[in-house]
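Number of protein chains: 2
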Amino acid sequence: MKPFKLTILGSNSAVPAFNRYPTAQILALNNAKYMIDCGEGAQFQLSKFNIKRSGLNHIFISHLHGDHYLGLVGLLSTLKLNSRKENLHVYGPAYLKKIIDVQLDYDARKDTGFEIIFHALEFGKSEKIMEDEQIEVYTIPLDHKVECNGFLFKEKEGSRKIIFEKIQEYNIPTHKIKAIKLGADFVAEDGTVIDNNILTAEPSKPRSYAYCSDTKYSESIIPIIKEANLLYHESTFMHDLQIIAAERYHSTSIEAAKIAKLANVKKLAIGHFSARYRNLEPMLAEAKTVFENTELGVEGTVFEIG
Amino acid sequence: MKPFKLTILGSNSAVPAFNRYPTAQILALNNAKYMIDCGEGAQFQLSKFNIKRSGLNHIFISHLHGDHYLGLVGLLSTLKLNSRKENLHVYGPAYLKKIIDVQLDYDARKDTGFEIIFHALEFGKSEKIMEDEQIEVYTIPLDHKVECNGFLFKEKEGSRKIIFEKIQEYNIPTHKIKAIKLGADFVAEDGTVIDNNILTAEPSKPRSYAYCSDTKYSESIIPIIKEANLLYHESTFMHDLQIIAAERYHSTSIEAAKIAKLANVKKLAIGHFSARYRNLEPMLAEAKTVFENTELGVEGTVFEIG
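As they're listed, the protein sequences go chains A and B. FYI, in the working numbering the residues of the first sequence are 1 to 306. FYI, in the working numbering the residues of the second sequence are 1 to 306.
Pulled out of the complex, with its shape left as it was, chain A reads as follows (with noise of 0.2 Å):
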């Protein structure tokens, strides 16, 4: 199988506070990295982990909260300095077309390099926003104060597998292999038919992350979540704060554990965690008592999905 991963960048809400970057995350798949939201700092968080820069092509900002984008217009200079060559596809509410223009138009930096693409995304509906050969990227309609989208990550399903042993047996040459994975059945020199079924076996099933940030408590979006493999979904504040979440259409603790336990996801990240909160333990303790496959998304962890 391949490496399927989530590096958390950033876990705290709008305030800054105990060391904590507002969000931002790093999906690796293979040899490729996906960008989820880009809080200020993600440029320095990503340095701090090691993750290099190089096989990222693809970044997604969830809304217009400056705890989610103030880190791009950093990371895209940065990366024009670096003379990368890849163009760079971002996805994010038409409006970040505008911030990154007037920002990169001063000294004519956005000319220089590499092609930013931007895809204006829509809001209210989920509907795929981008697809390559490894795996697909929907929206997730989410409950803000201002349009935000969440974003689920599938894996595309992969070929059949080969069982070595069949192929020793049969003696099938090498250059026979790709067409079998693809589905073919194996011709002997005899004319022996043996079918694909023998020699294959059902690929992995296709691993998915679902990202939910920022959003008051929301059932509307189960279907879309459901059997996830990890789900990160925003927990703001604990729950005896749960009044004051909903007016500021965030989550509690209780909340994100309920919407994981409703989509009977495998495994639940919280996160964008209120300044008001120095120790996590207790916010964590509250969610496992409804989901107990919860952990902390803190600077730092990586999660591996499926």
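Quick caveat, the hints were computed from the structure, so don't treat them as lab data. For clarity, every value in this text was computed on a predicted model and none was experimentally measured. Take the hints with a grain of salt, since some may be wrong.
[Said to hold, decoys possible] Derived pair list, reagent style EDC-like, types lysine to aspartate or glutamate, alpha-carbon separation capped at 20 Å:
| id | chain 1 | residue 1 | chain 2 | residue 2 |
| --- | --- | --- | --- | --- |
| 1 | A | Lys97 | B | Asp101 |
| 2 | B | Lys97 | A | Asp107 |
| 3 | A | Lys98 | B | Asp105 |
[To be verified] Pair by pair, the computed Cβ-Cβ distance ranges are:
| id | chain 1 | residue 1 | chain 2 | residue 2 | range |
| --- | --- | --- | --- | --- | --- |
| 4 | A | Phe18 | B | Lys98 | 30 to 36 Å |
| 5 | B | Asn82 | A | Thr112 | 26 to 32 Å |
| 6 | A | Lys156 | B | Val15 | 31 to 37 Å |
By construction, the Cβ of each residue, glycine as well, lies at the ideal position given by its N, Cα and C atoms.
Position chain B relative to chain A; hints supplied.
Showing chain B alone in chain A's frame:
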């Protein structure tokens, strides 16, 4: 003497390296704070070095390369979220207002809480851009790839100092002291006039701080910065890269030290180090060959001024 000190929040040039931050500084005189440049992450550095955001009413931005301003909107957003009431003055290139507005206009955050009073600066000449009860600030025209100002902070001359022995000797009542500080003579009950010069001494010599980043070597700034108690001068490269430094409108360690020597300043702080230098000691040693009283302006260093 009022405490007058400079704290370095970031010492690195544009490409992040070795956990050094981009340029930002806090100058504090008494309880007032003045911020000079505001690179990405400046607000995190304030927290790290336990510098409260209160008392910070003036922010000066030298030029619009990202490593000098990208932390500004994050800091402004945090101040908005913290229910700050006092207006905040921002000084910088006119285009900076556009950059701020396009971001704060979103979600109407611009109109909540305090007012941001923007002062568009001119370039190519030194002029007074700010004055309060204790300080005057002048621009220093720098020679960079884009329009760029340094800043000279000049303490105002204080009132004369009371000589307490004389107050006792002439039995002067407390309510007369303020006027004497401001230059009045004292008239005793018997009509004798005691000259102010007998009762008071010269005020402390006003102190000054000159900030010069980013710039290529330029002796034209010397008349403006001369005799400063502290000069910060950028030193992006070591002197073997003098040609590259000039091409990129930056300075070398030797050039920074030469300016310090020609301007006869008391102390030199160097910074804005290229990402190619992990170890900065050779850079410091090189500068000291020309100007002995040089220090590295690295993160967390506090310079007492005068």
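Legend entry - Hint check for threonine 112 of chain A and asparagine 82 of chain B - Cβ pair distance inside 26 to 32 Å: violated (37 Å)
Inset, instruction - Verify the proposed pairing of lysine 98 of chain A with aspartate 105 of chain B, using a straight-line Cα cut of 20 Å. - result: Holds, at roughly 12 Å.
Inset, instruction - Quickly compare the C-alpha distance for lysine 97 of chain A and aspartate 101 of chain B to 20 Å and report which way the hint goes. - result: Measuring from Cα to Cα gives roughly 15 Å; hence the hint holds.
Inset, instruction - Measure nothing beyond the straight line between the CA atoms of lysine 97 of chain B and aspartate 107 of chain A; if it is 20 Å or shorter, mark the hint as holding. - result: The given pair, whose Cα atoms are some 16 Å apart, holds under the 20 Å limit.
Legend entry - Hint check for lysine 98 of chain B and phenylalanine 18 of chain A - Cβ pair distance inside 30 to 36 Å: holds (34 Å)
Inset, instruction - Just tell me: holds or violated, for the beta carbon distance of lysine 156 of chain A and valine 15 of chain B against 31 to 37 Å? - result: Holds, at about 35 Å.
Of the numbered hints listed earlier, the single one contradicted by the structure is hint 5.
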